[in-house]
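Chains H and S, in that order, give the protein sequences.
Just so you know, this note's numbering puts 80 at position 80 of the first sequence, and the rest follows in order with no gaps.
Just so you know, this note's numbering puts 261 at position 261 of the second sequence, and the rest follows in order with no gaps.
Read the hints as simulated data drawn from the structure, not as lab findings.
Ideal placement from N, C-alpha and C gives every residue a C-beta, glycine not left out.
A couple of the hints might just be wrong.
[What the hints assert, rightly or not] If you want the footprint, here are the derived chain S segments under chain H, 3+ residues with CB under 8 Å:
(1) 164 to 175
(2) 180 to 186
(3) 322 to 332
[Unchecked claim] From chain H, some residues computed to sit far from chain S (all C-beta separations above 10 Å):
(4) P83
(5) A150
(6) A257
(7) R317
(8) G399
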Amino acid sequence: MSVPGWVLPTPVLTSASITAPWLAAVVVTSVRRQVRVFGCIAALLSIIASAALVWRAPKSESLYETLMLLFSCLTLGAILLLPRRDSEAVTIAGILILLGSTLLAYSTGNLLVLLGAWILSIVPFLWAGWFRPRKRRPLVGLLSSSVAFALAIGFIVANARVVSIANLKGQSPGGIVAFALLVIAVVFRKGIFPMHAWVADAAESGSSVPTALLLNGHFGALLVAKLIVPLFPQTDHLFPVLSYLAIATALFIAIRALAENSPRRLLAFLALSQSACILSGLESRTAEGIAGALVHWFVVTVSTVGLFGILRLLEVRFGENLSASRHLGLAEHAPRLAVSFAILGLALVGLPGTLGFCSQDLLVQGTLTSHPLTGLLLPIATALNAVSFFRLFTRLFLGKRRTGFTVEADALPRERWVLAATVLFVVFGGLFPNAIVIQHSAEAVAVDEAVRTSEILNQVTNAPGNDSCLQCPATEPKREVAPRAPS
Amino acid sequence: MNVFQGTLVFVVVAPGFVFAVFALLWLLDWVPSERLLSWITGLTFAACTSGVAALIWRITSAADITVTFGNWFAVGNYHFPLVLTVDRLSVPFVASAAVLSGLIGQFSATYLHRESGFLRFFLLLHLFAFGSLLAFAAGSFDLLAAGWEIVGITSVLLIGFFERRPAPVENGLYVFGIYRACDIGLLVGIFAMHHWAGTASFGNGFPTLTGVRAVVVCLLFLLAASGKAAQVPFSGWLPRAMEGPTPSSAIFYGAISIHAGAYLLLRAQPLLAQSVLASSLVVLIGAATAIHGTIVGRACADAKTSLAYATLTQVGIVFIEIGLGWRWLAVAHILGNATVRTMQYLRAPSMLHDYHHMHSAIGGQLSPTGKQIEEMLPERIQLWLYRWALDRGNLDTIIERWVIAPLSQLSNYLSRKDRTRAPSPTTIRPGRAVQVPSPEPAQRSN
Chain H
1 MSVPGWVLPT
11 PVLTSASITA
21 PWLAAVVVTS
31 VRRQVRVFGC
41 IAALLSIIAS
51 AALVWRAPKS
61 ESLYETLMLL
71 FSCLTLGAIL
81 LLPRRDSEAV
91 TIAGILILLG
101 STLLAYSTGN
111 LLVLLGAWIL
121 SIVPFLWAGW
131 FRPRKRRPLV
141 GLLSSSVAFA
151 LAIGFIVANA
161 RVVSIANLKG
171 QSPGGIVAFA
181 LLVIAVVFRK
191 GIFPMHAWVA
201 DAAESGSSVP
211 TALLLNGHFG
221 ALLVAKLIVP
231 LFPQTDHLFP
241 VLSYLAIATA
251 LFIAIRALAE
261 NSPRRLLAFL
271 ALSQSACILS
281 GLESRTAEGI
291 AGALVHWFVV
301 TVSTVGLFGI
311 LRLLEVRFGE
321 NLSASRHLGL
331 AEHAPRLAVS
341 FAILGLALVG
351 LPGTLGFCSQ
361 DLLVQGTLTS
371 HPLTGLLLPI
381 ATALNAVSFF
391 RLFTRLFLGK
401 RRTGFTVEAD
411 ALPRERWVLA
421 ATVLFVVFGG
431 LFPNAIVIQH
441 SAEAVAVDEA
451 VRTSEILNQV
461 TNAPGNDSCL
471 QCPATEPKRE
481 VAPRAPS
Chain S
1 MNVFQGTLVF
11 VVVAPGFVFA
21 VFALLWLLDW
31 VPSERLLSWI
41 TGLTFAACTS
51 GVAALIWRIT
61 SAADITVTFG
71 NWFAVGNYHF
81 PLVLTVDRLS
91 VPFVASAAVL
101 SGLIGQFSAT
111 YLHRESGFLR
121 FFLLLHLFAF
131 GSLLAFAAGS
141 FDLLAAGWEI
151 VGITSVLLIG
161 FFERRPAPVE
171 NGLYVFGIYR
181 ACDIGLLVGI
191 FAMHHWAGTA
201 SFGNGFPTLT
211 GVRAVVVCLL
221 FLLAASGKAA
231 QVPFSGWLPR
241 AMEGPTPSSA
251 IFYGAISIHA
261 GAYLLLRAQP
271 LLAQSVLASS
281 LVVLIGAATA
291 IHGTIVGRAC
301 ADAKTSLAYA
311 TLTQVGIVFI
321 EIGLGWRWLA
331 VAHILGNATV
341 RTMQYLRAPS
351 MLHDYHHMHS
361 AIGGQLSPTG
371 KQIEEMLPER
381 IQLWLYRWAL
391 DRGNLDTIIE
401 RWVIAPLSQL
411 SNYLSRKDRT
421 RAPSPTTIRP
431 GRAVQVPSPE
441 PAQRSN
């Protein structure tokens, strides 16, 4: 059964999903009471509107609608999971602004609006009193990415005089300069090596749950999927550079995490390393790799927000000086938090029976197909991440029971529901992955074919003697389309 | 789906279902009584054993049983087939997994009585049984890898069962690291099969690979098998794994998990037969492990570690048999070894009592096996070998010095470069293997 378009037009639903959190943010900052309730209602409205958008969208074109739904659900979970001491009006308002701007970025097809959403999403992290980290590197990283992105948009608009992304597809607007600026924006925003340090600093010295939400907006991957791949097919020979950087980041951060003792930094490194895999999958230009990246996007997002949430709950209960340098034995006080932490973490690193196993499997297949040698680094990075995560788990939860602590510190009912939902998502997603994989498979195949088509068009326009290609030298050799895996 | 196919599905899924139900109930704040838990465990594995008996009868009288559920997931040209199959190779492994898991369940109901981790142990036992049955009944290497990983994680969680002491937890971490490192071979090997043969399924005929491709896949599988079966140079994790409760040591390191590597190689036998290089390497690794196991085992001071090295020696010989192509001898050897070791592990807490009985019965001391061979060696070599055996062939030292320490140093270096303020760098070097196994629950309660 389908709803006629005039009942709830798509622009109305999109606007509702975006403006509801913004309005709620204004209300929360002015009323300053029942802030969690306002936040939950706004997130729920976004969820309903996003779900309607997903329902209405064609099967192979529902990626951004699905991401909107995911991020709305995630924000609702984060608001519910926030400990009472963190549930201030400023925090909830900041999270709602982040939600609105992220949904705007996902839904827009306009370059200037995308830039606005990009900048708006980092606003709460720039001001003291909101989520600004105590260290300087996060500010530098976020501002640098915004400046690079703004310059890239400037180049594109000045060159093409069009702001609609759909009209710019395949035109390489702004040329290599715009492409390079976009890559720089991705590298800074996503924390790709060597610009990775700000992510750990932000997680360590800022508000952990909002920071996790900021990181899991995956604006860097969004830029790759939304702008770099479709707009610049003629620079496809440079795509592997981004992929190599992503794979190098995954491995580098995995090694770096091995000696880390701060739980927040360690989780940030794991999230960073695993989300770098998303980028390498998106760039692999195989249906398996792209589908794996999209599914992994879900896994990383849900798992890391859950892990950061649990860590924050532990900090509130047991003190903020938690360290992975010794065994703390918290499992006896908080067994359900321990089990949720273990399942979410192991899903992040690809435990069978969770959705992470499927996404990792697809990612490895896709990355190794496109880059047989460098792709080998991906399973190595994942194995190292698994060791780091398991070390963190054992140090936090196992070991001798803390003496002098008698209060029951396990998950409260409100927290238990959120954690149960995240655990069920990764477990049932792993047992019955087709519900998620098939949808992304259709999107991945569509992206894959679009890229191949643009490659072929590119070859035709670049062919010697073809006068329509004015930018490329006539002697440029034809680039072969990568062979498909045998059926 | 006929009745035998349904039976196969039941045998594999039943322990996983029990695990899922009890885990969910625990999350909802309901803890079953010990009596109920052991009763349901017994019932489950009794039903599984009956099902396996039916499968054996069917296979000996007719053909292999294969159940195809289609694809677990599929993208483009890549499929993850969901195929279960039992044939003459896998049915002994399925049978031993079902029967021995049931035995261990019954034994543990008494052995772990009033232990705080009673429920946790049984949940992990069911999960392990599900993983091992899935690995042995898998009709594709993809599904085998899924079961393989589940066996690995349950193994590690049971090593750290006595979680209040740091040594079991640290040793569990070490084992987890070795498992994950070696499992890369399995993952990449499966990818290579998909890439070159288009499938990793063997339910309906083995994927065709020849030449260098066959060698590469064999070597990758050998890496995975060596890690799981604690072959040289990865043998160092086995004594560390003895930190877990004795019933789990019996089922994992005496019977099922330790032989999973050999099963993988037996499954890949058609490829192995094509490659002299890979077969020779299997024989070489097996021989090195057998020699290492028998020498080090002679210097072990505790019962469980001695048993672990005795098992290791036999698994090394099984590898030799597989490398030489003596497939059915290897299967018979595995079944015998698994059964005997399970019994020995379960008797380990009463070993001194048993020895006293034997000594009084024969009226003297039993001479250690192979003592006459030891005495043939010059005293200097005996002394050198003893010191070498005390350090367990220096294998842990080699891995720590050449793999863990460089990684740790690199990580600390990157940490110093990363941080604006001076960090408190740590070493990721895990604790040394503890020589003395964990006190048994019965002893601790006294």
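For each hint, the structure was consulted:
1. With a threshold of 8 Å between beta carbons, the proposed coverage of the region 164 to 175 of chain S by chain H holds, since 7 of its residues qualify and at least three are required.
2. Figure legend: the region 180 to 186 of chain S, annotated as covered by chain H; annotation consistent (4 residues with Cβ-Cβ distances under 8 Å, at least 3 required).
3. Here's how the region 322 to 332 of chain S fares: 0 of its residues keep a CB closer than 8 Å to some CB of chain H, so the rule of at least three is not met and the hint is violated.
4. Every CB of chain S lies more than 10 Å from the CB of H:P83, the least distance being 21 Å, so the non-interface label holds.
5. With a cut of 10 Å on Cβ distances, H:A150 stays outside the contact zone with chain S, its closest approach being about 27 Å.
6. Not every C-beta of chain S lies more than 10 Å from that of H:A257, the closest at about 8 Å, which undercuts listing it as non-interface.
7. With a minimum CB-CB distance of about 19 Å to chain S, H:R317 clears the 10 Å threshold, and the non-interface call stands.
8. Its closest Cβ contact with chain S, about 6 Å, brings H:G399 to no more than 10 Å, contrary to its assignment away from the interface.
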